[in-house]
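Starting from the known structure of chain A, arrange chain B on it as the hints suggest.
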Amino acid sequence: MNSRLGKLSMFAVLRVCRKELVAITRDGRLKTLALLLFSLLCAALLSGWQTRRDLDAERRAAEHVDAESYRSQGARNPHDAAHFGQTAFKPLGPLALFDPGLVSYVGSAVWLEAHRMNLAEYRPAEDAGENHRFGSLCAAWLLQWIAPPFVILLAYHAFAGERERGTLRLLLGLGVSPRELLAGKLLALTVTLGALLIPAMGLASLLLFLQEGTEDLSDIPARSLVLCVGYGLYLCTVAGIAIAVSLQSASARSALIALLGYWLITTLVLPRVATELAELAFPTPGNAEFHAALERDLREGLNGHDPFEASARALEARLLERYGVRRTEDLPVSFAGVLLQAGEERGYRVFENHYRALWARYDAQERIHRVLSLVSPMIAIRSLSMAVAGTDRFHHEHFVLAAEAHRRRIVGMLNRYLIEHGAGQDFNYIAGEALWAEIPRFEYRPPSLRQVLARHYPELLILFAWAASVWWLAWRYSRSPRPM
Amino acid sequence: MQPSMRFMRCEWRLLRAQPSFWLLTGLLATASLYAGISGVAWHRTRSAEVAMTLQQAAHEQAADRAYLTDFTEGRIRLDEDPLAALPTAIGRRVVLPPGPLSALAIGQSDLYPYRTYIDNWSRAERLIRDYPLGHPLSLATGRIDLGFVLVYLLPLCLIALTYDLLAAERESGALGLLLSQPVPVRGLVLARMAVRGAWVLGWLALASGVAFFLACRAGDLVRWLLWLTTAVVYLGLWSGICTLVVSGNRGSEASALTLVGIWVVWLLLMPAFIDVVVRFISPVPSRTEYLSAVRAAEVARSEDEALSDYRRERPGFRLPEGGELRNWIRAFVVHMKADRRITPVHASYEKRIEQGLALSACLRFFSPGLVAQGVLTDLAGSSLARQRAFTGSVRDFKRAWDGHLADKLVRAERLTLAAYDGLPGFHFREEPIGAVLARIRVPMAFLFAAAAALFLGAIRRLARCPLDRPEGG
Numbered sequence: 284m285n286s287r288l289g290k291l292s293m294f295a296v297l298r299v300c301r302k303e304l305v306a307i308t309r310d311g312r313l314k315t316l317a318l319l320l321f322s323l324l325c326a327a328l329l330s331g332w333q334t335r336r337d338l339d340a341e342r343r344a345a346e347h348v349d350a351e352s353y354r355s356q357g358a359r360n361p362h363d364a365a366h367f368g369q370t371a372f373k374p375l376g377p378l379a380l381f382d383p384g385l386v387s388y389v390g391s392a393v394w395l396e397a398h399r400m401n402l403a404e405y406r407p408a409e410d411a412g413e414n415h416r417f418g419s420l421c422a423a424w425l426l427q428w429i430a431p432p433f434v435i436l437l438a439y440h441a442f443a444g445e446r447e448r449g450t451l452r453l454l455l456g457l458g459v460s461p462r463e464l465l466a467g468k469l470l471a472l473t474v475t476l477g478a479l480l481i482p483a484m485g486l487a488s489l490l491l492f493l494q495e496g497t498e499d500l501s502d503i504p505a506r507s508l509v510l511c512v513g514y515g516l517y518l519c520t521v522a523g524i525a526i527a528v529s530l531q532s533a534s535a536r537s538a539l540i541a542l543l544g545y546w547l548i549t550t551l552v553l554p555r556v557a558t559e560l561a562e563l564a565f566p567t568p569g570n571a572e573f574h575a576a577l578e579r580d581l582r583e584g585l586n587g588h589d590p591f592e593a594s595a596r597a598l599e600a601r602l603l604e605r606y607g608v609r610r611t612e613d614l615p616v617s618f619a620g621v622l623l624q625a626g627e628e629r630g631y632r633v634f635e636n637h638y639r640a641l642w643a644r645y646d647a648q649e650r651i652h653r654v655l656s657l658v659s660p661m662i663a664i665r666s667l668s669m670a671v672a673g674t675d676r677f678h679h680e681h682f683v684l685a686a687e688a689h690r691r692r693i694v695g696m697l698n699r700y701l702i703e704h705g706a707g708q709d710f711n712y713i714a715g716e717a718l719w720a721e722i723p724r725f726e727y728r729p730p731s732l733r734q735v736l737a738r739h740y741p742e743l744l745i746l747f748a749w750a751a752s753v754w755w756l757a758w759r760y761s762r763s764p765r766p767m
Numbered sequence: 004m005q006p007s008m009r010f011m012r013c014e015w016r017l018l019r020a021q022p023s024f025w026l027l028t029g030l031l032a033t034a035s036l037y038a039g040i041s042g043v044a045w046h047r048t049r050s051a052e053v054a055m056t057l058q059q060a061a062h063e064q065a066a067d068r069a070y071l072t073d074f075t076e077g078r079i080r081l082d083e084d085p086l087a088a089l090p091t092a093i094g095r096r097v098v099l100p101p102g103p104l105s106a107l108a109i110g111q112s113d114l115y116p117y118r119t120y121i122d123n124w125s126r127a128e129r130l131i132r133d134y135p136l137g138h139p140l141s142l143a144t145g146r147i148d149l150g151f152v153l154v155y156l157l158p159l160c161l162i163a164l165t166y167d168l169l170a171a172e173r174e175s176g177a178l179g180l181l182l183s184q185p186v187p188v189r190g191l192v193l194a195r196m197a198v199r200g201a202w203v204l205g206w207l208a209l210a211s212g213v214a215f216f217l218a219c220r221a222g223d224l225v226r227w228l229l230w231l232t233t234a235v236v237y238l239g240l241w242s243g244i245c246t247l248v249v250s251g252n253r254g255s256e257a258s259a260l261t262l263v264g265i266w267v268v269w270l271l272l273m274p275a276f277i278d279v280v281v282r283f284i285s286p287v288p289s290r291t292e293y294l295s296a297v298r299a300a301e302v303a304r305s306e307d308e309a310l311s312d313y314r315r316e317r318p319g320f321r322l323p324e325g326g327e328l329r330n331w332i333r334a335f336v337v338h339m340k341a342d343r344r345i346t347p348v349h350a351s352y353e354k355r356i357e358q359g360l361a362l363s364a365c366l367r368f369f370s371p372g373l374v375a376q377g378v379l380t381d382l383a384g385s386s387l388a389r390q391r392a393f394t395g396s397v398r399d400f401k402r403a404w405d406g407h408l409a410d411k412l413v414r415a416e417r418l419t420l421a422a423y424d425g426l427p428g429f430h431f432r433e434e435p436i437g438a439v440l441a442r443i444r445v446p447m448a449f450l451f452a453a454a455a456a457l458f459l460g461a462i463r464r465l466a467r468c469p470l471d472r473p474e475g476g
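Protein sequences, first through last, are from chains A and B.
Number 638 in this note's numbering belongs to position 355 of the first sequence; there are no gaps in the numbering.
Number 342 in this note's numbering belongs to position 339 of the second sequence; there are no gaps in the numbering.
So that you can see chain A by itself, here it is in the shape it has in the complex (with noise of 0.2 Å):
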């Protein structure tokens, strides 16, 4: 029997494969290091299975114990429980698991109080400790820096290794055309990879059952097969660029030293040159500068020449005029309702106007990695992965805009109250805790995979254009391969 597909032979397709699975499974470091990265994959993601079960039970127990202590917090002015303040804790998706991405390092929780648009707290790297930003033991890292090198030790003599012992010449002076070996060794490789990787998303795959949660997990198996497809992509761009390498490689030992040595460029260096370019090309503002600018602005309008006390004369005057009276204590409505819900709006358009400046920049330092990812691929897997998992900027970002529409509804609602019932007393209103129990509890919906796809397509289509472009140049190489 010998199929052929196109000029390829199937039968002897096959028998490559076969002769290269049976070289990897006698080869005692590869299996070694095989069953080594299967259990790392295992335990990664048992791992943040159980910190993402974890911190989540913390969640619902922490947003209960906030709801219940706002709501008896006992009679008291509005604006005092305006600045009693509720918290808005940021849930983990369930393929944090995954990929925990940037979790460690935006903030958990975001105080909602008065006067004061904040951004989350608390950011778990800081109480870590500083081997943190050496590595965190999850399944995405293992993808992006692991098994790559253990796709180079599998591929890397593939063709060069041949070629110095000799069985090159052989195999193509028996008739097996060059394209046929490189089939069959793909083949191989696919087959070696998918023994390894498939057993891993089986497992992730029942973890993901098994979370526990109220969140909307329909869309978690689009999300899941975009990071097969992406994976996927990027380890075979690694395959594709080994098996290049070998081709025109005169010797085994300078195709592993240029694979390592790419390698280690793209993985560990270049990710860190992106945020050096990324941060010359496109600088945040220091602490200092930012907040004093925020302040002034609060101080003076935005056009800085609105200082607020002029504000608050002018609606003062206003009202006075519109309710015929001469005094703010003769008004029907609580004057310091009216002005703590001005400066509340003036603080709205500040706040807005600076954040999302900060956020404008942050997004033009992202279009500089997504440049460098032409040149390493691993930073568009990284971006793509994170984006999927919902655990980078753009899910945090989110979080942070819905927990601040959250404030102002509070807020809102607070001064409402003041304004309409505190007339004549305004601080010394007191208000019952009715008032609480109808301040709605934040619900939070994260981003569709439909707005992460529409952000990060163009890593999709980097890494598409990575695989087909290793893999053209490994097929012409093939076709006159250097036989010694």
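Misleading hints may appear alongside valid ones.
Ranges between beta-carbon positions, derived for each pair [as the list claims (entries may be wrong)]: (1) A:E721 with B:R391: 40 to 48 Å; (2) B:L224 with A:R343: 50 to 58 Å; (3) A:A647 with B:A66: 32 to 40 Å; (4) B:G437 with A:P568: 36 to 44 Å.
Looking from chain B toward chain A, a few residues come up when the C-beta cut is under 8 Å (computed) [what the hints assert, rightly or not]: (5) G110; (6) Q111; (7) D113; (8) P139; (9) T144; (10) R146; (11) N252; (12) S255; (13) F276; (14) D278; (15) R290; (16) L310; (17) S311; (18) D312; (19) R367; (20) T380.
Derived by calculation from the structure, the hints in this document are not laboratory data.
Computed from a predicted model, the values in this text were never measured in an experiment.
Yeah, the Cβ is synthetic: ideal placement off N, Cα and C, and Gly gets one too.
For chain B alone, kept in the frame of chain A given last:
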């Protein structure tokens, strides 16, 4: 001429003739010099931030003094502003300057908060709120500084220069001829290693010297010399491991794989493992759980109960009859009592963090990279220990601040200029070098002992160095 000097001269001549050597040198020089300049730039940016914060603080204090002067001279009246000259809204800006050698090793100090504002309303769980504004991806990835170059990249350069130290000649069959000159194999290997190690170290020393000159003070020269010593010992450790591996009966390919494998295990896998082990045995307590505990402590007493508690502590305490002043003082007493209930919650949380960090500190000896990084950042003043010292100083300052002002506010005592000028100011006291040395002596001894042991092992192994091509290539 001494044989070892002759070997080194010959070796230097041979190295210079290889194009790959110059390619590697180009990469090494670029990385080292860039890292040095990057560190200097970061240090200067942070220093500028600190200067801006201090300038802001000076303006605010000048404005406060002008206000109190106006009040004292009667230009501000109590009937117009019942809260005039009360210490309700004054505070102090608090800032941590960059470490003495942070231009050399930024560490994680780009991640830690370094400035805050302390006033009467600051609370234990939110004392330091000003988080650095860097892109989270930048914070997660870290900067290219000399610490990164030394810990991660220089070992790779050493590996690239030494993996075929003997194997190249052994594979070509020339080793036997060379050693028959007669050339002692130990002397040969050590001379070769010395030339390569010195070349690699030389670029780091140059870059760190430039960075020290541009960004550090002359008074920190001893720190810099200790920093360089750490670099020498760390590279010595890697030289030892390279010597041990190449002195075995391995081909160059196998040596390269072994050495890169060791690099991956020591610098990538071990730190990740340590992170997992610490997470299981002594996990960092979750901030979510902490915030729940803080909230529960906050609402443990109602406002009226908090006021009654305070009256029991201070029998003479009376709230003013009505108006804005009564509301402020009432709110402040309730806040003060809540803060006191929260303080032990915070202390318990900090203790659990310390336990996790202590375990991390013990386990780091499984990764020489982690040990070296810890020493480098400690000497540079960009370590977690310094950050925690800063946090501790801020807490002490807050206590001193409350000690001066809390009672005044509760008694509605107006501030005078003299009282204002007598308020405490915040000054972060840099740890004396002796305290840093006490912390780094064990890790330095470990690195030194490991380097010595590896070299001894290599020297013994060289005595049995095979001359023939290894079997299986």
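Structure-based check of each hint:
no.: 1; hint: A:E721 with B:R391: 40 to 48 Å; result: 43 Å, holds
no.: 2; hint: B:L224 with A:R343: 50 to 58 Å; result: 55 Å, holds
no.: 3; hint: A:A647 with B:A66: 32 to 40 Å; result: 36 Å, holds
no.: 4; hint: B:G437 with A:P568: 36 to 44 Å; result: 38 Å, holds
no.: 5; hint: G110; result: 6 Å, holds
no.: 6; hint: Q111; result: 6 Å, holds
no.: 7; hint: D113; result: 10 Å, violated
no.: 8; hint: P139; result: 4 Å, holds
no.: 9; hint: T144; result: 5 Å, holds
no.: 10; hint: R146; result: 7 Å, holds
no.: 11; hint: N252; result: 16 Å, violated
no.: 12; hint: S255; result: 6 Å, holds
no.: 13; hint: F276; result: 7 Å, holds
no.: 14; hint: D278; result: 5 Å, holds
no.: 15; hint: R290; result: 4 Å, holds
no.: 16; hint: L310; result: 12 Å, violated
no.: 17; hint: S311; result: 13 Å, violated
no.: 18; hint: D312; result: 15 Å, violated
no.: 19; hint: R367; result: 6 Å, holds
no.: 20; hint: T380; result: 7 Å, holds
Going down the numbered hints, you'll see the structure goes against 7, 11, 16, 17 and 18, while the others check out.
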